[in-house]
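Novice: Construct all of the structure, not just a fragment, from the sequences and the given hints.
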Amino acid sequence: MSRIAKKPIIIPENVQCKVDNRDITFTKGSVSLTRTVSEHVSFVVKDNQITFEAVGETKQAHAQSGTERALLQNNLTGVVDGYSTELQIFGVGYRAKLQEKILVLSLGYSHPIHFEIPENVTIEVPSQTEVVVKGADKQAVGQCVAKIRDFRRPDAYKGKGVRLKNEQIILKEGKKK
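My numbering puts the first residue of the sequence shown at 120, with every later residue one more than the last.
Once the Cα atoms are required to be at most 25 Å apart in a straight line, the calculated BS3-like pairs of lysine-lysine come out as:
#  : residue 1 : residue 2
1  : Lys216    : Lys266
2  : Lys266    : Lys253
3  : Lys295    : Lys279
4  : Lys220    : Lys257
5  : Lys284    : Lys257
6  : Lys295    : Lys277
7  : Lys137    : Lys147
8  : Lys266    : Lys277
9  : Lys266    : Lys279
10 : Lys126    : Lys147
11 : Lys137    : Lys257
12 : Lys266    : Lys284
13 : Lys126    : Lys257
14 : Lys253    : Lys216
15 : Lys266    : Lys220
16 : Lys284    : Lys220
17 : Lys277    : Lys296
18 : Lys220    : Lys253
19 : Lys165    : Lys126
20 : Lys125    : Lys178
21 : Lys126    : Lys178
22 : Lys125    : Lys137
23 : Lys147    : Lys165
24 : Lys279    : Lys294
25 : Lys284    : Lys253
26 : Lys296    : Lys279
Just so you know, the hints here were simulated from the structure itself, not pulled from any lab data.
Specialist: As structure tokens, this is what we get:
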């Protein structure tokens with residue numbers, strides 16, 4: 120069995136856990152996340168703990184039990200603390216600004232890029248070269264960051280583009296005479 124699946128999820132006192140058939144919902148205040156657990160995994164909610172066990176002895180069931188536990192832990196962490204990712208924009212004339220529910224990016228193309236912000240994600244622009252993506256759903260935050268990054272990935276020669284805040288770009292050496 121997966122070693123991760125053996126560790127139970129401990130639910131804090133201020134978080135409500137609701138089980139409906141195979142759906143587990145975590146709620147804290149106005150933030151709520153739901154996950155449907157796979158049929159290869161059985162779970163028990165008891166004494167503010169969720170324990171997991173593989174159904175059957177198949178390899179897929181053992182693997183899925185650890186995966187489901189990790190995904191539910193991500194949901195619980197998202198409800199309690201939330202997730203945040205910071206992006207930096209490098210390049211002359213490259214900038215970002217927020218217009219209502221649209222992130223407008225100038226990334227060296229002949230036109231500005233208009234990125235519509237998903238409902239379950241919030242975006243802040245503290246300065247023209249910084250973008251902060253926040254949300255309760257780890258997958259939604261990561262997907263949003265990936266889409267913004269794909270508009271202009273960091274260049275290997277000059278380092279221009281959109282990158283994560285602490286990401287190190289190893290620049291290639293240019294041509295020599």
